[in-house]
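Enquirer: Here is what each chain is made of, one letter per residue.
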Amino acid sequence: MQTNFTAEQLADPQVAESEKILRRCVHCGFCTATCPTYVTLGNELDSPRGRIYLIKDMLENGRAADAQVVTHIDRCLSCLACVTTCPSGVDYMHLVDHARVHIEKTYRRPLIDRMIRNVLAAVLPYPKRFRTALALAKVSRPLAPLFDRLSPLKPLAAMLKLAPTGTLRKSDATQPGSRAPKTERRGRVAILSGCAQPVLDPGINEATIRLLTRLGVEVVVPQGEGCCGALVHHMGKEDPALDFARSNVDAWTREIEGGGLDAIIITTSGCGTTVKDYGHMLRLDPRYAEKAARVASLAKDITEYLATLDLPTLESRGLTVAYHSACSMQHGQKITMAPKNLLKNAGFVVRDPPEGHLCCGSAGTYNIMQPEISAQLKARKVRNLEATRPDVIATGNIGCMTQIGTGTAIPIVHTVELLDWVYGGPKPSRLALRKAGARAGVSL
Amino acid sequence: MSEAIRFLEPRTAVVARRATIIGDLVDLLPPECVVHEARELVPFETDAFVAYRRLPLAVVLPKTTEQVAAVMKYCHRYGIPVVPRGAGTSLSGGAIPQEDAVVLGLSKMTRILEVDPANRTATVQAGVTNLSISEAVSPEGFFYAPDPSSQLACTIGGNIGMNSGGAHCLKYGVTTNNLLGVKMVLVDGTVIELGGKHLDAAGYDLLGLVCGSEGQLGIVTEATVRLIAKPEGARPVLFGFNTSEEAGACVADVIGSGIIPVAIEFMDKPAIEICEAFAQAGYPLDVGALLIVEVEGSEAEMEAMLKKIVDIAGRHGVRTVRESQSATEAALIWKGRKSAFGATGRISDYICMDGTVPLGKLSYVLEKTSEIVERFGLRVANVFHAGDGNMHPLILFNANDPEDAARAEEAGNEILKLCVDAGGCLTGEHGVGIEKRDLMRHQYSEADLNQQMAVRAAFDPDWILNPSKVFPLEGRPAA
Amino acid sequence: MTLTPHTENDAAYVIRNAASRGTTLSIVGGGTRSGFGNSVIAEEILSSSALSGIVDYEPAEMVMTAKAGTPVAEIEALLAANRQMMSFEPMDHRAVMGTAGEPTIGGVFAANVSGPRRFVAGAARDSLLGIRFVNGRGEIIRAGGRVMKNVTGLDLVKLLAGSHGTLGFLTEVTFRILPVPETVETIVVSALDDHSATQAMAAAMAMPVEVSGAAHLPQTVRARFLDGQLPEGEATVLRLEGLEASVSVRSEKLGDMMRRFGAVSRLGPEPSRNLWQEIRDVAPYKGLPKKPLWRVSAAPSVGHQLVAALRLEAGIDAFYDWQGGLVWMQMEGDPEEQRLRRYIKALGGGHATLVRAPDAVRAQLAAFHPEGDAVATLSARIKQKLDPGGIFNPGKMAGV
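Protein chains in written order, with the working numbering: chain A, 1 to 444; chain B, 1 to 479; chain C, 1 to 400.
Keep in mind that the hints were calculated from the coordinates and are not lab data.
Note that the structure is predicted; figures quoted are calculated from it, not measured.
Warning: the hint list may mix true and false statements.
Straight-line distance between alpha carbons at most 30 Å, and here's what the computed BS3-like set of lysine-lysine pairs gives [unchecked claim]:
{"id": "1", "chain 1": "C", "residue 1": "K253", "chain 2": "B", "residue 2": "K73"}
{"id": "2", "chain 1": "C", "residue 1": "K385", "chain 2": "B", "residue 2": "K308"}
{"id": "3", "chain 1": "A", "residue 1": "K138", "chain 2": "A", "residue 2": "K427"}
{"id": "4", "chain 1": "B", "residue 1": "K63", "chain 2": "A", "residue 2": "K334"}
{"id": "5", "chain 1": "B", "residue 1": "K269", "chain 2": "B", "residue 2": "K108"}
{"id": "6", "chain 1": "A", "residue 1": "K154", "chain 2": "B", "residue 2": "K108"}
{"id": "7", "chain 1": "A", "residue 1": "K237", "chain 2": "A", "residue 2": "K340"}
{"id": "8", "chain 1": "B", "residue 1": "K73", "chain 2": "C", "residue 2": "K345"}
{"id": "9", "chain 1": "C", "residue 1": "K345", "chain 2": "B", "residue 2": "K63"}
{"id": "10", "chain 1": "A", "residue 1": "K237", "chain 2": "A", "residue 2": "K291"}
{"id": "11", "chain 1": "A", "residue 1": "K138", "chain 2": "A", "residue 2": "K20"}
{"id": "12", "chain 1": "B", "residue 1": "K417", "chain 2": "A", "residue 2": "K20"}
{"id": "13", "chain 1": "A", "residue 1": "K138", "chain 2": "A", "residue 2": "K237"}
{"id": "14", "chain 1": "B", "residue 1": "K335", "chain 2": "B", "residue 2": "K230"}
{"id": "15", "chain 1": "B", "residue 1": "K269", "chain 2": "B", "residue 2": "K368"}
{"id": "16", "chain 1": "B", "residue 1": "K73", "chain 2": "B", "residue 2": "K307"}
{"id": "17", "chain 1": "B", "residue 1": "K269", "chain 2": "B", "residue 2": "K307"}
{"id": "18", "chain 1": "A", "residue 1": "K427", "chain 2": "A", "residue 2": "K128"}
{"id": "19", "chain 1": "A", "residue 1": "K170", "chain 2": "A", "residue 2": "K128"}
{"id": "20", "chain 1": "B", "residue 1": "K335", "chain 2": "B", "residue 2": "K308"}
{"id": "21", "chain 1": "B", "residue 1": "K417", "chain 2": "A", "residue 2": "K344"}
{"id": "22", "chain 1": "B", "residue 1": "K307", "chain 2": "A", "residue 2": "K20"}
{"id": "23", "chain 1": "A", "residue 1": "K105", "chain 2": "A", "residue 2": "K344"}
{"id": "24", "chain 1": "B", "residue 1": "K108", "chain 2": "B", "residue 2": "K73"}
{"id": "25", "chain 1": "B", "residue 1": "K108", "chain 2": "B", "residue 2": "K63"}
{"id": "26", "chain 1": "A", "residue 1": "K334", "chain 2": "A", "residue 2": "K20"}
{"id": "27", "chain 1": "A", "residue 1": "K237", "chain 2": "A", "residue 2": "K154"}
{"id": "28", "chain 1": "B", "residue 1": "K308", "chain 2": "A", "residue 2": "K334"}
{"id": "29", "chain 1": "B", "residue 1": "K417", "chain 2": "A", "residue 2": "K154"}
{"id": "30", "chain 1": "A", "residue 1": "K20", "chain 2": "A", "residue 2": "K170"}
{"id": "31", "chain 1": "A", "residue 1": "K105", "chain 2": "A", "residue 2": "K138"}
{"id": "32", "chain 1": "B", "residue 1": "K171", "chain 2": "B", "residue 2": "K63"}
{"id": "33", "chain 1": "B", "residue 1": "K335", "chain 2": "B", "residue 2": "K368"}
{"id": "34", "chain 1": "B", "residue 1": "K368", "chain 2": "A", "residue 2": "K340"}
{"id": "35", "chain 1": "A", "residue 1": "K182", "chain 2": "A", "residue 2": "K20"}
{"id": "36", "chain 1": "C", "residue 1": "K253", "chain 2": "B", "residue 2": "K230"}
{"id": "37", "chain 1": "C", "residue 1": "K385", "chain 2": "B", "residue 2": "K307"}
{"id": "38", "chain 1": "B", "residue 1": "K335", "chain 2": "A", "residue 2": "K340"}
{"id": "39", "chain 1": "A", "residue 1": "K334", "chain 2": "A", "residue 2": "K427"}
{"id": "40", "chain 1": "B", "residue 1": "K171", "chain 2": "C", "residue 2": "K345"}
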């Protein structure tokens, strides 16, 4: 597509990169068809092609973001289905990242919107604060209907509704230090504890550590690692995002240069997409560019890593798993077959839901910031998953688990929890809650 | 942006009333169905023919036939041009608006209304995408045959507007051969139905006239289409040749021998490289030209037909023959082919031609095309539906270089004239749109065009519907 | 007086003259379908019979161009010599309409005449690629072309096809042809009532066996096909065509499936060809010029319901083609126009055309199915744009 940038504009490396991305787009419109917001809202402005055009217009004219552009960029889930679809190889991810930073820098959001974003940015990436916030949310839950009625406060209502109702369990899986392999050592990896996942569901990393150590892999939780930065990155808060990235790069580099690492294991695909992009995020920082690229190249989703370990093939257990591929998994990281192959190899019957390419509406903080679109996408996703009549739903992203879990009675677990179970670990707690043998011939 | 093709001068009286018109449209439709902020109009200024752009006056996205009728009635009353838009995937600029026009987009009308297996029909709203019809009827064992390469995104309404084709039309025909009925809003807001689940027209074949009329006769809001039972199996086979000439001659021979495969697609070397880079479909990279020939039916049928085709290809010096070994492989072969235009975007800007020529002239036209493009100092990639002679030379150029763009446009015009002179036509499936409008006189006489415009006037005497398209601006009859 | 131009230019001249004088013209080709539609009352006859001859035929490109007055027989003979055919199987109306003469290719397209393969392979209009015609002003107009895919401009080709000479005088047609299938087979399912037959045909069409003909011949007509050689009981017949190897596989498959509905037998190639030609030409109702004959097009699933409803109130005989969607209906006495049209509407739409009736009966009713007001208005406007003086075939089609 033709672009109109001046030489001065192109001197800015961000603009120069965006210009390159825009030049690749041929405006064919294929991306519209797989975009969750376009299929929900039916408006070009809420499609990748429409957003690309809005961004192009804004950047070319060197204009500050305005309410209209912000509305449509905000509605983007960053699910990256468009990137999978695009035949021309348009790097929408980095284009919309740039647009979000531009918005954050040039647009003043309404007060309440600003406040909510700031609160999320100040709480979610920090496990302690998040834990406290969830405790507060539990007692504030009755306020949800009230917030729901006041348009600008809808995100608050959404937040309260998403907060788990059960008690939050503390886990030692996040304690820094090394976990020795239980059998002959065949590798050494770091695991990202991250921020929200260990609070919402500590069982995922516990299962990962159990499974890996049983398989002979030493697992390290490095000192000083934390949120990957994705949450603030998607809000366009560039500086804090890069700070998170740098601090993780430091923590992992110490391990790489110390005991050595075969991989950095990530059990939340949303984080994986971001960590794998560290090299790009920090490319303009001469002190970090190289280290970040090395870290990014070591980052692996847990299923990607497990696929290299040659797990034994198990007898079928007659349990049907609907595999929900998180957008960050299939579109962000392009991991499509590994999780399903692992599950099949482990004796599960794996089903792909219809419209598997569509986002469930979770998308980081999207279900809080855009509760209406998110709810429509959740309903559609649940309908498609339930259509496969599964015993359990498996996925690789805590956000999807929370989102889909509030929409269906079918238990939803992390892929690694199922694998840990069948390879000798305990049954995932969400499955244990179900009446054993609910279906004849099934050994739940 | 190219400036060679003119648009109609905006109706000043309409532009002057912009604020009032927007106010009225907002009253007619729900708030989310009207787009009018300056910034938000920009993404509607073009479609997949990006060389030309015009901002519309406003965009409406109605959800029902009644809302479409209300908009048409209003626009008709005040003489406001209306440009219909499906998914905006037109390669001829069919959905490019103009400053005094309301874009009427069907993208919110996406319901599958009925699937009727007993009568082999599906009735859908006009904004339903081509592929989702096949997806919706697949559980019943059927599919919808016309398959334009943009079928993932393009709408059935747009397909009807352009009478779209596709790779598999060699056997199953184009849109007009698979369309049974429409609900349509006339220029004055009257809603009519043409056809239905029965075949043929009671009187004049207005359905046949509407199909391919590029949004100039009315706005189709619902369509009833014919379904076909899915074949037992389908297998695309790759045939690699040293030269385009050999491949072209092989196509003519296959068809001439009385074998009609479901599809015969052609790619030259540049196209093979582009598509392979994107789809990794296993196209041979060491050949000069590639045919994708698809056969379908039971194993025995496919074998029998393939054997005959392989024999013929052997007589034309085929170098490699590779059958797809699995459904995944077959899907990749088609993915590469159907993404060809978009994938070209990875290496260059392009404009896509759409002329059709008699099969016997394929080789000649391919050769001449190369000559023309070379003469303009440009490059070309060829990927097209060879079985029916529908060519798609992609002229590669740099859109940020106005001179390059102008040369590309000129080369394109020469190629299209070449197609007409070879006994073919300007456009096989993409439509005339804005792109080929000024070449119409090369294919038609004054009387031919006047007759078409007269028939058009029976529907829209005031040139309200998509007025800058299809017919050259000079020599139009006075309203 | 009969005007018989020998060239297109002559035709244009004649028509310009007629237009300037306001002389109405009755357009004929071979005259074998002249009873079709309402009676034309015109001052002169304009015949295409002298515009005859195949202009261009490229077997390898599967395209033929012929002047409008070329006899169908001449075209079919040449095609057959090259093992090719018109896939839409144009019906020969002579036997059923009691006419003589030579059907012309122009007549075929002017009346959009198709046969049993129409419901899968398209009508005459779907094979028509290009035309030349003279409009009511005496101007020579070219539309379409000679390539399969062509979306350049408004599709006047479709508009002229089936316009029964009311919009223009066809001078030349270019159409697509297809190879003659290597072989043909017919599966006969016996003794199904109309309702079961409809279900059986729908089931057959849902199978991946490419049925290219699906007709149901009730007891009243069964014996009038193939000299009574069809098996006892109603005959539901399904045609398969193609490569030898393929047809045998498919007929196995189809036969197995159809056994769920009734006794299955096969006809073999030669009887198959004869049977489908007789179905095409409506053989059971030939030679009975006094009995009104309707051609009804409806959704395949409702054809038999229409017949069942009418049978309670009128004397009719009927058989079905196109999976049940084409009903050939012969009336014992009264044409029952109003009742017929009412039922068609009630069953979801379609149309009935009076193909044959004594002149006195024809004069009393609309031979073509009346259209809704908005569509009729459009049709009238279109007629006005092509034939402003209304000189072509006045009265033939209702409203135009």
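Enquirer: Does each hint hold? Answer for all of them.
Expert: Going down the list of hints, with the structure as the test:
no.: 1; hint: K253(C) x K73(B); in the structure: violated (54 Å)
no.: 2; hint: K385(C) x K308(B); in the structure: violated (50 Å)
no.: 3; hint: K138(A) x K427(A); in the structure: holds (27 Å)
no.: 4; hint: K63(B) x K334(A); in the structure: violated (35 Å)
no.: 5; hint: K269(B) x K108(B); in the structure: violated (40 Å)
no.: 6; hint: K154(A) x K108(B); in the structure: holds (25 Å)
no.: 7; hint: K237(A) x K340(A); in the structure: violated (35 Å)
no.: 8; hint: K73(B) x K345(C); in the structure: holds (28 Å)
no.: 9; hint: K345(C) x K63(B); in the structure: holds (28 Å)
no.: 10; hint: K237(A) x K291(A); in the structure: holds (22 Å)
no.: 11; hint: K138(A) x K20(A); in the structure: violated (47 Å)
no.: 12; hint: K417(B) x K20(A); in the structure: violated (35 Å)
no.: 13; hint: K138(A) x K237(A); in the structure: holds (28 Å)
no.: 14; hint: K335(B) x K230(B); in the structure: holds (19 Å)
no.: 15; hint: K269(B) x K368(B); in the structure: holds (17 Å)
no.: 16; hint: K73(B) x K307(B); in the structure: violated (59 Å)
no.: 17; hint: K269(B) x K307(B); in the structure: holds (26 Å)
no.: 18; hint: K427(A) x K128(A); in the structure: holds (28 Å)
no.: 19; hint: K170(A) x K128(A); in the structure: holds (11 Å)
no.: 20; hint: K335(B) x K308(B); in the structure: holds (26 Å)
no.: 21; hint: K417(B) x K344(A); in the structure: violated (57 Å)
no.: 22; hint: K307(B) x K20(A); in the structure: violated (48 Å)
no.: 23; hint: K105(A) x K344(A); in the structure: violated (47 Å)
no.: 24; hint: K108(B) x K73(B); in the structure: holds (20 Å)
no.: 25; hint: K108(B) x K63(B); in the structure: holds (5 Å)
no.: 26; hint: K334(A) x K20(A); in the structure: holds (22 Å)
no.: 27; hint: K237(A) x K154(A); in the structure: holds (22 Å)
no.: 28; hint: K308(B) x K334(A); in the structure: violated (41 Å)
no.: 29; hint: K417(B) x K154(A); in the structure: violated (60 Å)
no.: 30; hint: K20(A) x K170(A); in the structure: violated (47 Å)
no.: 31; hint: K105(A) x K138(A); in the structure: violated (34 Å)
no.: 32; hint: K171(B) x K63(B); in the structure: violated (35 Å)
no.: 33; hint: K335(B) x K368(B); in the structure: holds (29 Å)
no.: 34; hint: K368(B) x K340(A); in the structure: violated (51 Å)
no.: 35; hint: K182(A) x K20(A); in the structure: violated (50 Å)
no.: 36; hint: K253(C) x K230(B); in the structure: holds (15 Å)
no.: 37; hint: K385(C) x K307(B); in the structure: violated (53 Å)
no.: 38; hint: K335(B) x K340(A); in the structure: holds (23 Å)
no.: 39; hint: K334(A) x K427(A); in the structure: holds (29 Å)
no.: 40; hint: K171(B) x K345(C); in the structure: violated (34 Å)
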